[in-house]
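For the record, the sequence lines run as chains A and B. In this text, residue positions in the first sequence follow our numbering: the first is 1, and each later residue adds one. In this text, residue positions in the second sequence follow our numbering: the first is 1, and each later residue adds one.
Quick caveat, the hints were computed from the structure, so don't treat them as lab data. Check the hints yourself; a few may be wrong.
[Said to hold, decoys possible] Here are the simulated DMTMM-like cross-link-like pairs (lysine to aspartate or glutamate), alpha carbons at most 20 Å apart as the crow flies: (1) A/83 with A/31; (2) A/83 with B/190; (3) A/83 with B/181.
Small disclaimer: the values here were computed from a predicted structure and weren't measured.
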Amino acid sequence: MSGAPVLEVREVTKAFGEREVLRGIDVTVSEHRALALIGASGSGKSTLLRCIDLLEEIDDGDVFLDGEVITDPGVDPVAVRRKLGLVFQAYNLFPHMTALQNVVLGERRAHGVSKAEAEERGRALLARFGLAGREDDRPDNLSGGQQQRVAIARAFAGAPRALLLDEITSALDPELVGEVLEAVRDLKAEGMTMVIATHEMSFAREVADEVAFLHEGRIVESGPPKKVLEAPEHEDTKRFLRRLLEAGRI
Amino acid sequence: MAESVAISPRRLEREAAKRRQHRRGQAIAAASTIVVIGGLAAWVLNSPGWPEVRETFFSWSIFKDSFPEVLDGFWLDVKLFVIVEIAVLIVGLTVALTRTSRSPALFPLRLLGTVYVDLFRGFPTIILVALVGFGVPALKLIDPAPEPIVLGGIALTLSYSAYVAEVYRAGIASVHRGQRDAALAIGLTDRQAMRHVILPQAVRRVAPPLLNDFVALQKDVALVSILGPLEAFREAQIIQYETFNFTPLVAAALLYLAVTIPLARVVDRIGGGPEGAVR
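Same shape as in the complex, but just chain B:
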């Protein structure tokens, strides 16, 4: 602050009052946090079943023993996530572009796109994973049948592309119509207008919801476990069955959190600080 300018007493007074208000607010927030969180913790820790729960869910020795195997499985999740995510971005965009195109030749594809989105958004992803994972090998079209992990990845791609296509489509629709007019007026074709003018703006706008879908996908890769691949959840389950202890599942949960929480912070930053972000 420039000290050469005389600060009026009224302004000093107002600033002091604001500082007092700020300090009081912080004190209240701290006190209420201690009361609420401390109360909850005391409530759970003093519950009659807590010693048993601690042993079955938070056993340090089982955690140590199971962690390497769960982590091993988790790498499979990460690899699957990255590959499916890239596939989803491409398939989703293709479906969105087909659905927004006006070309009469693409009418059947447009219809197909609509049916596709309605269908694959409309029922639980886990059922789709089961249908593709068990149904496709039964068709015996490809011999030998693809690995379960590949089929699981295809199912996830089909499901998530339907959501992502709608996100893209909303983004395309949100670009002002004057942008298309201006692009056509300088002599661009419809396709060029989409590629150089509309799509770049649309993608920027939908980056936060797209990332949000990434976070959801990162968790849903665990659904392929029903087909048998040894990913983190499956590994954890196997150890759980052997030890009658749920700690391996907690270990798996922590691994998912280690990826999804940083991703969520990236979403927050790109979205410009959403409601509910901890500050």
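So here's chain A without its partners, still in its complex pose:
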């Protein structure tokens, strides 16, 4: 079941100097749906997410959030980012703050929520992701999996319209991947709209409603996970999946 489109990416291109990273991306994510972006390193997955969150400026095309263009120079990027959540590969937690302070900073400063209210919600959120009792720990006292769950809580605290997850398990030791994916599964079950850049094919198959394969800045193939991952049509997709299979990553 799907609702109205939340995110629409239209003909987006982005180059860093001479290097074209996105060469005309078209993709739509509807309410409560999860899109998995797969592809080799350097295929443009992270750049696409950063462009959607307006951390990078696109060269051409447009991105729409709830039907409104967000890539117009006249649009206030801060207002847009307040409606989106982004989780980074390297967590990017604020090291000088406790877990709870990390989670409530955005609510307090960007959304103007009172301290008491933000903290109450922050504690509930940390507890929800299995971090009850760790509120007052600094990031460097937490494991990678715990840090990434704090980062998910932080991104989710602003009640975003969509969550953008950028390779959130790539920096983790293998035994810690499961707990982070569990948190994402939980959000998906709640109906969170998500764009997930990932190397975890089994996870993409399980959580995503749609998989898009990026190759050299283009979406070469997209569709339901079963189709793209099990019966790919395009040569590049087949080669990519074969390599993952050989590396034991599927």
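Assemble the complex: chain A is given as a structure, and chain B must be docked to it using the hints.
Okay, now just chain B, sitting in the frame of chain A:
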């Protein structure tokens, strides 16, 4: 150590060897210290001029007589130091923030900040003290002209803020760019990202170099003496001229050391034990 666990003979042997090495190292350090320092002392104390030097630099009676006045002057140094230091922290931060901002409206200020830092770091502080101390009253903009001590303080603030601005700026630049990304991603404005995320990390990182500049400033407050205020160095100089004896200057030096050495130990502690710290 848990005694219940049997310690292997090999381990005991290794530990004994380590203890022997440690003891031998300490003995060598002690012996070489005695030889070097004792040798230097003997060399100086047996020099032909030593009795005269002792009288002109280390005269106990002149020390006793001059110390109260020098100490009186030193309080002025301390007060000046504290006020200038606070001003430097504020002005330096303002300049650093202006220079790192991206706002187009601040372009002229950014340019001014660059010129300011280049200029005031670029020539001796003592010249700046003289220029401000003698030049500003000559302008006759404010009547009566500010006290020399105030002008000296302004000159020191201008000079040290330029250094401190660069220290802050280095700290801001050292915070990983992902921190800014994360701050913006949760919906903070640029200014909020600086205030809540980047600056707190930057300031923590540059605390040791900042304290280092404090130590330098604590000594350089003596430069305002050229404008006439009766601070420690000036007092000592006056007594020196009267008695033809340098002991008051040594007294002033000891007072500076009484502040700068503890400050330096604080720097060491915050910096996590630098090279060259005596252990």
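Hints, one by one, checked against the model:
Proposed proximity of residue 83 of chain A and residue 31 of chain A is supported: the alpha carbons are some 14 Å apart, at most 20 Å. In summary, the hint linking residue 83 of chain A to residue 190 of chain B is supported, as the alpha carbons are separated by about 17 Å, within the 20 Å threshold. The straight-line distance between the Cα atoms of residue 83 of chain A and residue 181 of chain B is roughly 15 Å, inside the 20 Å bound, and the hint therefore holds.
Violated hints for the displayed structure: none, as all numbered hints are satisfied.
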